[in-house]
Amino acid sequence: MATLTQEFTKGLWKEIPPFRLVLGICAALAVTKSMLDGFGMGVALIFVLVCSNVIISMLRNVIPKKVRLACYIVVIATFVVIVELITQAYVYSLYEALGIFIPLIVVNCIILGRAEAFASKKPVLRSLLDGLGIGVGYMLALVVLGGFREVLGRGTLLAGSQYVVHLFGPAFKPFAFMVEAPGAFICLGLMLGIMNILGD
Amino acid sequence: MEFVILIITAILIKNILLAEYLGNCPFIGTSKKMSTAIGMGMAVIFTVALASVFTWAIQKYALNPLDLGYLQTIVFILVIAALVQLVEFFLKKSVPPLYKALGIFLPLITTNCAVLGIAVLNIRRDYNFLEMLVFSIAASAGFSLALILMTGIRERYETTHIPRALQGTAISLITAGLMAMAFLGFAGVDTALNALK
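Residue numbers (this note's numbering), protein chains in the order written: chain A, 1 to 200; chain B, 1001 to 1197.
Check the hints yourself; a few may be wrong.
Subject to a maximum C-alpha distance of 25 Å in a straight line, what follows is the list of computed SDA-like cross-link-like pairs (lysine to any residue) [said to hold, decoys possible]: (1) B:Lys-1032 to A:Glu-15; (2) A:Lys-173 to B:Leu-1178; (3) B:Lys-1032 to A:Leu-190; (4) A:Lys-121 to B:Leu-1078; (5) B:Lys-1033 to A:Ala-97; (6) A:Lys-14 to B:Gly-1168; (7) B:Lys-1014 to A:Lys-14; (8) B:Lys-1014 to A:Ala-97; (9) A:Lys-65 to B:Lys-1093.
Beta-carbon label-pair distances, calculated as ranges [claimed, not checked]: (10) A:Arg-68 to B:Met-1001: 42 to 50 Å; (11) B:Ser-1094 to A:Lys-65: 21 to 29 Å; (12) A:Ile-197 to B:Gly-1152: 24 to 32 Å; (13) B:Phe-1090 to A:Lys-65: 19 to 27 Å; (14) A:Gln-162 to B:Arg-1124: 24 to 32 Å.
The hints are simulated quantities; they were obtained by calculation from the structure and are not laboratory data.
Here the structure is a predicted model, which means the values were calculated and not measured.
Cβ coordinates follow ideal geometry from the N, Cα and C atoms, glycine included.
The shape of chain A in the complex, shown without the other chains (with noise of 0.2 Å):
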């Protein structure tokens, strides 16, 4: 049986989300237009995917078999609704700029994969230092590549924010490619073969 610490760890680098479980892939690509809108994104999941996986894990001996996936959905659901209200309330840019992927939180594979894989069968401590875990790798990830495609086309570094960097000068003529969707695919798709040839 893993150790506390390697439940929290495994999320980082081993398995990490998109690369390592290739799953919620969707807001990967979409989100990443920015640095910022990918941590916003990350800091979203966390929330849904640490709440839901200590909720259900609570609930592992009372909800029947059957109908286990839509009580799953119902306590997703209900965190994702939250994280609209508060996003919607308290930081507008980030409910505009993340706009339907919100609600979207509540099919991200990730967080129903957890729920089923893990959640469901482990303690709750052990389920929360994994939904910790997963959502944590999943937000660096999403850093990663927005701050890559923000860097190539934008040319700036944590736009929207009060730290914003331009770091190629005022003659820059940004790759506006990079934050369309062809360079979305493009960047995951390249950083996934990158993560193979570390791994290996």
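Given the structure of chain A, go ahead and fit chain B onto it with the hints provided.
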């Protein structure tokens, strides 16, 4: 004419997979064999059309009048999950050949974000009933088109040499990127059609 523009926009210009980033997990997962891809495509068109009608009606006639808009996410996902289950039972009992063709894809569709995505987009874009129906069918047809094109390309990869690090998902994503680039060529068709009006 407006509907022509809506259909062309949904299928080609703003393709749900390649420009709106919805439904990528089944796009990567079920694009290895042509028969699977066609089955998945048909199942998605059918479910999306049905789910959109139901969720649109619930939003207009239950959530909006009762001021319960914040329950949208929970209600929609439950409606979709229940609907998929019902469709599965119905097909199993009454149209067995169709069930045989689509059956294994139906459970997967609940977590296909294109279904929930299109249902939410219908509401956010404030479509009326007819626009909603046309958009849902066109967008899911666009999903099937991209899925089938992708499968055609991936079947050819079986016999080509691909660097080891890029095999599997990585090369599929890069292919999707190149397809998205090709689809960018349709940008502006809608303005041209608008000018024709």
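Taking the hints in turn, this is what the structure says about them:
Taking the CA atoms of B:Lys-1032 and A:Glu-15, the gap is about 24 Å. The hint holds against a cut of 25 Å. For the suggested pair A:Lys-173 and B:Leu-1178, the alpha carbons sit about 22 Å apart, so the restraint of at most 25 Å is met. Proximity of B:Lys-1032 to A:Leu-190 is assessed by CA-CA distance (about 20 Å); at most 25 Å being required, the pair is judged to hold. The suggested pairing of A:Lys-121 with B:Leu-1078 holds, with an alpha-carbon distance near 24 Å, which does not exceed 25 Å.
Distance hint between B:Lys-1033 and A:Ala-97 is unfulfilled; the C-alpha atoms sit about 36 Å from each other, more than 25 Å. For the proposed pair A:Lys-14 and B:Gly-1168, the alpha carbon gap of about 18 Å is at most 25 Å, so the pair holds. Proximity of B:Lys-1014 to A:Lys-14 is assessed by CA-CA distance (about 36 Å); at most 25 Å being required, the pair is judged violated. Restraint check for B:Lys-1014 and A:Ala-97: satisfied, since their Cα atoms lie roughly 18 Å apart, inside the 25 Å limit.
For the proposed pair A:Lys-65 and B:Lys-1093, the alpha carbon gap of about 24 Å is at most 25 Å, so the pair holds. Our hint of 42 to 50 Å for A:Arg-68 and B:Met-1001 holds, since their Cβ atoms are close to 49 Å apart. A beta carbon spacing of about 28 Å between B:Ser-1094 and A:Lys-65 agrees with the range 21 to 29 Å that was offered as a hint. The hinted window of 24 to 32 Å between A:Ile-197 and B:Gly-1152 holds, with their beta carbons roughly 28 Å apart.
One distance hint, 19 to 27 Å for the beta-carbon pair B:Phe-1090 and A:Lys-65, holds here, with the actual separation near 24 Å. Here the CB-CB span from A:Gln-162 to B:Arg-1124 is close to 30 Å, well matched to the stated 24 to 32 Å.
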